[in-house]
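Peer 1: Using the hints, position chain B against chain A.
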Amino acid sequence: MRRRPLRHTTFTLGAAITLALIAVAGLSLVYTPADPLAMSITGRLQGPSPGHPFGTDQFGRDVLSRVMVGAVTSIAVGVIAVGIGAGAGMMLGLVSGYVGGWPDETLMRMVDAVQGFPAILSALLFTAVFTPGTVVSMVAIGIAFVPAFARVTRGAVLELRDREFVVAARALGARDRRLVLRHILPNTLAPLIVQATTSFPVAILSEAALAYLGLGTQPPHPSWGLMLKEAQNFLGMNPWFAVFPGAAIALSVLGLNLLGDGLRDLLDPRTALG
Amino acid sequence: MGTEGSREAADRLREAMGLNRPLAVQYVDWVSGALRGDLGRSLQYDLPVAELIVSRLSVTVPLALMAAAFMVAAAIPLGLYAATHHRRAGDYVTMIISQFGISIPQFWAGLLLILLFSVTLGWLQSGGFEGWSGGVAAALRSLLMPAVALGLFQAAVLVRATRSAVLDVLREDYVRTARAKGLSERRVVGRHTLRNALIPIVTVGGVQLGQLLAGAIVLESVFALPGLGRLALAAISARDLPVVQGVGLFIASTIVVINFAVDLAYGVLDPRIRYE
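First to last, the protein sequences are chains A and B. Position one of the first sequence corresponds to residue 1 (the numbering used here), numbered consecutively onward. Position one of the second sequence corresponds to residue 275 (the numbering used here), numbered consecutively onward.
Same shape as in the complex, but just chain A:
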C-alpha cells in the first residue's frame, strides 16, 4: 500500500523547514531588510530591536540580512557538494556493480580506504593545498561524499542486475549502456535520493565548520560559520550575535535530517527507525 507523504509527520515537518530555508534563501536574492555589507560605526553590536530583529555585528551590519544571505551560501555548498559526491559516486558504483570482477574489487577497496575518513578532515587537507574559499569547500566536501554514494549505487546495481526485467531486456537485445541507463539506473534512484538528503546537512555542517576555522567562505561574504567565528569575540557584549547564525544552522540541519528520515521511511520502510 502506498504511504501518504503528507501524513508522515517527520517528512512533513522536515519538508516544511527545508522549504522555509529555500524560501528565505530565494527571498534574500531579491530582498533583505538591510544591505548585508553596509557598516554602521554607531550601531555596532546591538541586541535585537525593531530596526534590527537579530541585532547587529561588530561592524554594525544587520545580522538578519546576513543570516538570510548565509542561507544561499549553505544551500549552494550543499547542492554542489552533494552533486559532486552523487555524480562521481554514482558512476563509480554503476561501473563497479555492473562490471564486477577486478574493477569492482579495485574500486571497492579504494572506497573502503576513504570511507569512514571524516568529511571535515578531508576538507581540511584539501584546503591545505588550495586557497581556502567557498568553491574549494564545495569540492572538498563533495569528494568526501563519493564513497558513500558509490557504495549505495553498487549495492542497488548488484540487487538489480540479475532481476527478471533486466534479463528480459538483455534477451531482447538491449546493450549494456541501455540496460544501465534505462533499466537499472532509474531503479537505484530511491536509495540515492535518501543518501543525497542525508548528505546535505553534513555538507552544511562541514561548510559552517570550515568557515568557522577560516578555511571556507571568506569575509566579508556572509556565511553562518564565519558569523559564529566573529561572534565568539563578542560573546560578553552581544550574546545574540552568536545565537541567530547558530540557530539558523541547527534549524536547517534539523529540517534536512527530518526530511531524510521521512524519505527513508517512505521509500524504504525496511530501514525505518521503528
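If you're looking for bench data, these hints aren't it; they were derived computationally from the structure. Every value quoted in this text rests on a predicted model; they were computed, and no experiment measured them. For glycine and all other residues, C-beta sits at the position ideal for the given N, C-alpha and C. Watch out, some of these pointers could steer you wrong.
To be verified - Beta-carbon label-pair distances, calculated as ranges:
#, chain 1, residue 1, chain 2, residue 2, range
1, A, SER40, B, THR277, 29 to 37 Å
2, B, ARG465, A, PRO219, 56 to 64 Å
3, A, GLY101, B, SER407, 56 to 64 Å
4, B, LEU287, A, VAL139, 25 to 33 Å
5, B, ARG453, A, PHE165, 41 to 49 Å
6, A, LEU158, B, HIS360, 29 to 37 Å
7, A, PRO219, B, SER407, 37 to 45 Å
8, A, PRO219, B, TYR319, 23 to 31 Å
9, A, GLY101, B, LEU297, 28 to 36 Å
Said to hold, decoys possible - Which residues of chain B face chain A? A partial, calculated answer using Cβ under 10 Å:
#, residue
10, ILE378
11, ILE388
12, LEU389
13, LEU487
14, ALA488
15, ILE491
16, VAL492
17, GLY522
18, ILE529
To be verified - To list a few chain B residues with every Cβ distance to chain A over 12 Å, as calculated:
#, residue
19, ALA283
20, ASP285
21, GLU404
22, ARG415
23, ALA509
24, LEU543
25, ASP544
Peer 2: Just chain B, lined up with the frame of chain A:
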C-alpha cells in the same frame, strides 16, 4: 625568503628541500620515512613532525577520551530507555533530544556552553589549557566543556543506534521466552537484550570515535586548546605541509586502529564470530 627573494635563491632552496625531484620520488621518500616513524621536519618550527604530534597528544587524547566517556554514558542509558519505552512519551522526548543533538554544530554547542558557564555563570574558564603540571583537576576542568560539546553530536547519533539495535533484539523470540519464564524486565533487558544488541552499538560507537578526533580539530579552536587540531590549523595557515600530512596520517591511522579494535570486539561480544 619573503617576497623579495631572488629566483636563484628560490632554486637553491627548492634543491635543498628536495622539491625539484619528481613528485613520485618525493612521495615514496615520505612513505618510506613514515614507515620508520620519520614524518619529516616542520617548515614552521624546524622540529621533527612526529615530535610535534606527540607533544600535542597530551591535550587531544584526554579530550577525545572524555568526549567518548560522555558519549557512552549519555547515549547507552538514553537509547535503552527509549527502546524500552517504545512509542511512549519518554521515547518521543528522547528522540526529539537526539534529533536536536544531531542538528547542533559542535562549535556552536561549544559557544553556547561558554556563554552559559563562562560568560553568564562564571563557573568554568572559557578556554585555554595550562597543562597537566598545574594539577589533574584543573586540567580536567579545562577539558570539561570542550568534551561535552564534542561528545554531544556523537552521543545523539549513538542514542539512535542503541535504540534501534535494542528494539530489534526486543522483537526476538528468545526475549519473549525470557519474559514468559517470568524474568524481571531489568534482567531481560540487562542480560538478554543489551548484550545481543551490542554489536551494532559498538560498530556505530567505533565510527563515532573516529569522528571525535576530527571534531576535536574544530573544538580545540573554539576553546583555544593547544592540541593536534590547533597544530593542524596553524600548519594549514602557514602552508607547513609536512605537519599537515603528518597529522592527517596520524588521524587516519588512529581511525584504522579503532576499526580494527571494533572488529576484534565482535569476537568478544559474540563468540560465534571467529576470524581465520
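Peer 1: Run every hint past the structure and note whether it holds.
Peer 2: Verification of the hints:
For SER40 of chain A paired with THR277 of chain B, a C-beta distance near 36 Å keeps the hint of 29 to 37 Å intact. ARG465 of chain B and PRO219 of chain A have their C-beta atoms about 57 Å apart, which keeps the hinted 56 to 64 Å range intact. Roughly 59 Å separates the CB atoms of GLY101 of chain A and SER407 of chain B, a value that falls within the hinted 56 to 64 Å. Our hint of 25 to 33 Å for LEU287 of chain B and VAL139 of chain A holds, since their Cβ atoms are close to 30 Å apart.
A hinted range of 41 to 49 Å holds for the C-beta pair ARG453 of chain B and PHE165 of chain A, which are about 45 Å apart. A C-beta distance of roughly 33 Å is found between LEU158 of chain A and HIS360 of chain B, which places it inside the suggested range of 29 to 37 Å. At about 38 Å, the beta-carbon gap between PRO219 of chain A and SER407 of chain B stays in the expected band of 37 to 45 Å. Checked against the hint of 23 to 31 Å, the C-beta distance between PRO219 of chain A and TYR319 of chain B comes to roughly 28 Å, which is consistent with it.
At about 31 Å, the CB distance of GLY101 of chain A to LEU297 of chain B agrees with the hint of 28 to 36 Å. Interface restraint check: ILE378 of chain B against chain A, minimum CB-CB distance 5 Å, threshold 10 Å, status holds. Interface restraint check for ILE388 of chain B: the shortest CB-CB distance to chain A comes to about 6 Å, inside 10 Å, so the restraint holds. Hint on LEU389 of chain B holds. Least Cβ distance to chain A is approximately 5 Å, under the 10 Å limit.
Residue-level restraint check for LEU487 of chain B holds (minimum Cβ-Cβ distance to chain A is 8 Å; threshold 10 Å). Given hint, ALA488 of chain B at the interface with chain A, holds; its Cβ is 3 Å from that chain's nearest Cβ, closer than 10 Å. Using the Cβ-Cβ criterion of 10 Å, the hint placing ILE491 of chain B at the interface with chain A is satisfied: the shortest such distance is roughly 7 Å. Taking 10 Å as the C-beta cut-off, the interface hint given for VAL492 of chain B holds, the closest approach to chain A being about 5 Å.
The restraint placing GLY522 of chain B at the interface with chain A holds, with a minimum CB-CB distance near 5 Å, inside the 10 Å limit. Taking 10 Å as the C-beta contact cut-off toward chain A, the hint placing ILE529 of chain B at the interface holds, the least distance being around 6 Å. Under the 12 Å C-beta cut-off, the non-interface status given to ALA283 of chain B relative to chain A holds; the minimum distance is some 24 Å. Distance check for ASP285 of chain B against chain A: the nearest CB is about 22 Å away, which clears 12 Å, and the non-interface claim stands.
With 12 Å as the threshold on Cβ separation, the claim that GLU404 of chain B sits away from chain A holds: the shortest Cβ distance comes to roughly 21 Å. Annotated as non-interface, ARG415 of chain B keeps its C-beta farther than 12 Å from every C-beta of chain A; the closest such distance is 19 Å. Interface exclusion of ALA509 of chain B from chain A breaks down, the closest Cβ pair being 7 Å apart, not more than 12 Å. Listed as outside the interface, LEU543 of chain B is consistent with that label: its C-beta sits roughly 20 Å from the nearest C-beta of chain A, beyond the 12 Å cut-off.
No Cβ of chain A comes within 12 Å of the Cβ of ASP544 of chain B; the nearest lies about 22 Å off, and the non-interface call holds.
Violated hints amount to a single one, hint 23; each of the other numbered hints is respected by the structure.
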